[in-house]
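Going line by line, the protein sequences match chains S and W. Numbering-wise (the numbering used here), the first sequence opens with residue 1 and increments by one. Numbering-wise (the numbering used here), the second sequence opens with residue 1001 and increments by one.
To be clear, the hints were calculated from the coordinates, so they are not data collected in a lab. Mixed in with the good hints, there may be bad ones.
DSS-like cross-link-like pairs, simulated, lysine-lysine; straight-line CA separation at most 30 Å [as the list claims (entries may be wrong)]:
(1) Lys49/S to Lys23/S
(2) Lys1074/W to Lys668/S
(3) Lys1092/W to Lys30/S
(4) Lys41/S to Lys1119/W
(5) Lys1074/W to Lys49/S
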Amino acid sequence: MTEALPKSATASREAEELATRPKIVGASVKRTEDPRLLTGKGAYVDDRKVPGMLHVAFRRSDHSHALIKAIDCGAARDADGVVAVFTAEDMREVNAVFATSRMKNYYATPITGLAIGKVRYVGEPVVGVIAQSRYLAEDALELVDITYEPLPVVIDPEEAAKPSSALLHEEANTNVLCSREFKTGDAEAAIASAAVRVSGRFRFHRKTPTAMENRTYLAEYEPGRDELTLYTSSQVPGIIRDALSDAFDMPGSQLRVVAPDVGGGFGGKASLYPEEIFVAFAARRLGRAVKWTSDRMEDLAATSQGFDQIVNAELALDAEGNAIALRAEVIGDVGAYSIYPWTAVIEPVQVVSFLPGPYKIANYLGRVRGIATSKPPTGPYRGVGRPTSTFVTERLMDMAAQRLGMDPITLRLRNMIQPDEFPHRIGSGIIWDQCAFTECLNAACGKADYQELRARQAEARAAGRWFGIGVACYAELTGIGSRISVAPGMPINTGTETAKIAIDSTGAVTAAFGVTAMGQGLETTLAQVVAEHLGGRVEDIRVIQGDSAAVPNATGSYASRSAVLAGGAATLAAQEVKEKIIRAASHLLEAASEDLVVEDGKVSVVGTDRTLTFRQLARAVYLEMGRIPADKREELTSTKTYDPVFGTSATAAHLAVVEINPDTYEIKLERFVVAEDCGRLINPMIVDGQVHGGVAQGIGAALYEEVVYNDEGQNVTASLVDYVIPTATEVPLIDVVHIEAESVTTLNGFRGMGEGGTIGAPAAVANAVADAVAPLGIDILELPISPERLFRLIESSKNHKDSSHGHET
Amino acid sequence: MTEPVIVRVNVNGVEYARRVEPRLLLSDFLRNDLGLTGTHVGCEHGVCGACTVLVNGDSVRSCLLLAIQLDGAKVETVEGLGTAQALHSVQKAFHEHHALQCGFCTPGMLMTTIDLLRKSPLANDEDIREGLSGNLCRCTGYQNIVRAVRQAADQLNTLATDEAIS
Ligand code: FES
Ligand code: FES
């Protein structure tokens, strides 16, 4: 087929146009997950029931820090319906798991199914009771008798860092599980000579992810084959599979970890948990299926928590408002254990890593210490470290603007890395690829009509009302490739993702991935990417995810990676299958490959009515003898791995408008605008939903959500009555503007975006509240800012009119 | 422990008689004894609303009731609405407006919405937000749920007006 006939040329041009027309990626395709979830036919772990299934209840520590002197399980073992009662003694053959890291000055604590010898937080599992029903297991818990010898509680991280403090892990010889420093230029000298300095001791209190589905694990065991399947409400079934393989010395071929429908994660389901180890152990020991379903109290007491940082920070600027130096000292209260696989310091290290944010600041000094306390471990929570870094930097920007008498937007635009200044390396060493910093900020202000808002504010102030406007800008790394560790010094590669696409003999398309959806609609968005590059129809593509057996190496979904990495792998694999479709069709339809177009699940010769559906094509390839010569016959499959090597970024500007009731101190959000850049959108409807949900969590973090431990180490917010998350009446309308600046460093130009909403919102709300009460001379340095905290701040400023509240004067 | 008793209930139009322990929660009864796992449990202390079902026409939290209190009652759960192939109009509105992400709160949201729609005109979005304020959702930020309920309410109101006219 070498003749360049005019007809054929037209045909290939048509084919080309058809192929390049955006059809599926970029469309707000309705989710394929919805019908089952809307009709109560979802399959969450707790919905699964198997014959002979047993139930676990844990007796958890009621001490913050104590030695376990004796455990008497006799009465519990004799109780009605009880099948077994296990303590750490029974689990000796299970290996402890360690979150290792290449970081210097880091101690990895052992992670075990049940506490060994000592408890380190209230809620730590000590004894597992297994019975015919959850009710009976809980009955027997009361009969377990544990003798403790209390040790000093270790609650205040700054006290815990002192050599005199009681130690949680004696082998570590310190409670400082890790310390690090990031340095560029000479921040100290630059600060000393600066015209303007603003500083504060910032505090972002502890919070908890609170997915609506509590963690649930069901282990099924086949004794004949020594095969274990763990159904888990996890974001990272692949990581859990690998960890259990180490814990039990079992090959991956006998271990399968499945995350079916997962009811939200937000980071709280992204780590290995003691209860997962226990359930797997118990099923194997008893040779029966064993299930544990957390209740909400257990979730609030023992799921990994977030934030809990103290940041002493200072920003220095010249007289024109150019930032010249930033110095920060971060203390992370990381709780009792170094969580697997992320380590204890994923949160605080990210805080110092991201503090310089979207700004050009030549001199930076960031120090961080992760300090163990007798509280549950902290772990990754939506935004990881960046909600705090953004809170601190964006508050400092507003404080500087106020000091300089400049508009906060003007100050930011002046200091931001400009569109022609990328790539840019910030003081902590992170390199931003092309980021839409100024574009996002301008777009947010445009959408909200910033000037008009300021005019309204002037009127409101004149009338004595407390009306505030706050913005926050940030950037995050997303879709991280194999050259960067997602967690500090973590040796596990999370920078690749595999897609396995197959057209079977019925013409059906199955696409399998190692990622896991916990609400973000990956079954739809990945089907869109496959459909686009394969020439299939979204509704015909079955996406398999959340199953460690689907691909050889899977980790899961975290760090805003799935669209970029799995989307990239999907693209590569779909392209290869499409090439195979074209080769087969070229033979079957006797047409040149340039004349073929694959679209809507069919392959056709352009300009003719000669067409094969995938079904017809697949039958011809696999089943109909002699249609394709043996040496031309190819299986319609492809497995491809994608690695963006460094990855990309994502940015946004958030703008919040608040009004505060001067009598009740109630903070009412009037409006919220997000201008965000997540590169090329796969499904705008889903992106908007992610932004809405992220912002709602950020609003919760800014105004309501706080896990409180009292001096005895008891959690006093262990129910949803005391741990308050936003309801429909607290979340305002959220306007979302998309700046589709395609990433130049990833396939398809995608950027990750699942976490961003939670990164910008707390800072924007804090700035808006601070702006509202600025006439009273008050700064907001602590989140969440409850009406009570605000009241106390205002009262104390009335009482000490001359005090500085952390300002340098 | 007290002896099991027999409880008879009508769930989604089907009559059931089961022998249950007096302490058995309605939520566990629906999920474990009847296999109706569409009703979810998010807190077991009456705050999250995930377990909302209708009992004799009123929305209740099934985690706060005992199965034996339901003897003779008529219960509606999410399974009694549409099917995956033929969604109920409220389910359709949720689908069209992307009012669910992980779907865990969704059955409770749907049942609360059904109750609201039956009892209130939901004239403005404040009414909808107020009406949904007992149901927590951690994924959606509520915005698209409010939109979906708005659409369902508008459809119903148009229907009512049309009927009044004809
Ligand atoms: S489970 Fe019933 S209200 Fe939360
Ligand atoms: S959709 Fe996940 S909790 Fe509402």
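Hint check results:
{"no.": "1", "hint": "Lys49/S to Lys23/S", "in the structure": "41 Å, violated"}
{"no.": "2", "hint": "Lys1074/W to Lys668/S", "in the structure": "41 Å, violated"}
{"no.": "3", "hint": "Lys1092/W to Lys30/S", "in the structure": "11 Å, holds"}
{"no.": "4", "hint": "Lys41/S to Lys1119/W", "in the structure": "27 Å, holds"}
{"no.": "5", "hint": "Lys1074/W to Lys49/S", "in the structure": "26 Å, holds"}
The structure does not agree with the numbered hints 1, 2 stated previously, though it agrees with the rest.
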